[in-house]
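Undergrad: These protein sequence lines are chains A and B, in that order. Under the numbering used here, the first residue of the first sequence is numbered 41, with each subsequent residue one higher. Under the numbering used here, the first residue of the second sequence is numbered 41, with each subsequent residue one higher.
The hints are simulated quantities; they were obtained by calculation from the structure and are not laboratory data. Worth double-checking, as some hints may not be accurate.
One copy or two, either will do: identical chains are not told apart, so a pair holds if it fits within one copy or between any two.
DSS-like, lysine-lysine: derived pairs with alpha carbons at most 27 Å apart [said to hold, decoys possible]:
no., residue 1, residue 2
1, Lys53, Lys157
2, Lys53, Lys66
3, Lys197, Lys211
The structure displayed is predicted, hence computed values, not measured ones.
There are 2 protein chains.
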Amino acid sequence: MTTLLHIDASARKNRSISRSLGESFKNQWLSANPEDKFIYRDVGSAPPDFISEDWIAAAFTQENERTDEQISLLRVSDLLIEELSQASVIIVSTPMYNYGMPASMKAWIDQVVRVNKTFTFDLNRGDSPLEPIMSDKSLVLLTSCGEFGFGESGTRKNMNHLGPHFRTISKYLGIDEVHEVNVEYQEFSDIRHKQSIEKAYESIPRVVKRVTTKLDSLA
Amino acid sequence: MTTLLHIDASARKNRSISRSLGESFKNQWLSANPEDKFIYRDVGSAPPDFISEDWIAAAFTQENERTDEQISLLRVSDLLIEELSQASVIIVSTPMYNYGMPASMKAWIDQVVRVNKTFTFDLNRGDSPLEPIMSDKSLVLLTSCGEFGFGESGTRKNMNHLGPHFRTISKYLGIDEVHEVNVEYQEFSDIRHKQSIEKAYESIPRVVKRVTTKLDSLA
């Protein structure tokens with residue numbers, strides 16, 4: 041049995057393309073693997089708190105030296121990290137807001153990337169002192185953008201701070217492979233948008249298959 | 041008289057390098073231009089709300105058709121946009137959190153980039169339908185990073201989703217020039233960190249001068 045963590049980040053519950061992509065991925069996964077467990081985290085509807093000065097101090101305090109208040113401050117972080125830790129596959133369905141991830145999604149990242157929980161820090165490692173604690177996870181990133189050309193060969197490649205940011209951070213979440221499915225052209229509502237949606241839905245079964253194959257190879 | 045908007049984004053009030061850089065910039069600016077007006081917005085200590093489905097609906101409702109509730113939902117956004125609109129120079133002092141801007145800073149961006157307030161949208165413009173409403177602003181981006189090599193020729197260039205993200209979004213805020221001052225190596229606490237801090241403080245007077253020269257040329 042595999043555990044999957046599905047994170048929705050759209051502020052919209054209605055007519056959200058990224059939410060529909062996530063739903064479709066989940067349904068296709070479950071019909072192929074009905075025993076698998078999905079953990080669901082809706083940061084779009086219920087964003088985690090922003091980290092604060094006290095949160096940072098608590099995170100950098102040794103576990104056995106934390107006050108009750110500090111323990112309480114880290115409770116959301118503990119929960120989100122526990123959810124991540126259980127999952128071999130992370131599905132993030134998110135819109136692009138202002139060329140990056142929604143603030144609510146970044147709030148999740150800021151709560152989850154935490155010393156001695158998701159990464160260790162050791163200056164003996166030289167100029168790359170951070171190492172992830174978790175490993176072997178796959179990220180499926182399902183996105184929706186208003187504009188277009190954010191891909192590797194696109195005209196807005198350098199304006200894409202969503203997928204590339206997730207790829208950078210994924211290492212510290214124990215993710216070693218990233219699959220992206222992107223819908224573009226949303227604000228044009230034209231034939232290109234329709235085709236982009238069709239292409240995205242066509243690629244979902246392929247991603248389901250590739251992630252399943254990877255999980256099988258690890259088993 | 042010039043109006044400047046200074047935004048602090050560090051969650052830390054104490055020992056924050058980015059806050060110190062912002063403070064230094066402000067002091068140097070005011071000693072050269074004592075008449076100028078500073079607007080201060082501390083998103084690190086008091087983050088703006090995340091945008092919500094109702095917020096989006098309100099933003100896309102014609103101004104004269106908004107309900108009282110919608111008007112109220114946009115009040116923070118109206119205020120932050122008004123602050124931006126007054127300023128010719130925007131100083132953002134921010135740490136890099138997890139290779140990008142803090143969630144609180146992104147919450148500010150998501151509140152401020154708004155149709156018919158900061159940008160217009162017109163499909164008659166073809167494949168680039170968005171145009172900024174404001175213009176001629178300068179952004180001074182003062183950052184602090186734990187690691188290093190995030191510059192143009194650095195080994196972590198592709199992991200930098202802070203400066204490049206600001207450069208992309210700045211166009212929609214009416215910003216036409218960006219000056220960056222970066223402190224790196226914070227988590228190493230070594231001679232390189234000390235040198236990076238020294239270099240950053242040395243460059244602040246140059247940035248003050250360059251922005252002043254630009255303002256003079258616009259006057």
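Undergrad: Now tell me if each hint is right for this structure.
TA: The hints, checked one at a time:
no.: 1; hint: Lys53 - Lys157; in the structure: between (31 Å within a copy, 25 Å between copies)
no.: 2; hint: Lys53 - Lys66; in the structure: within (17 Å within a copy, 42 Å between copies)
no.: 3; hint: Lys197 - Lys211; in the structure: both (21 Å within a copy, 16 Å between copies)
Violated hints are absent here; each numbered hint is respected by the structure.
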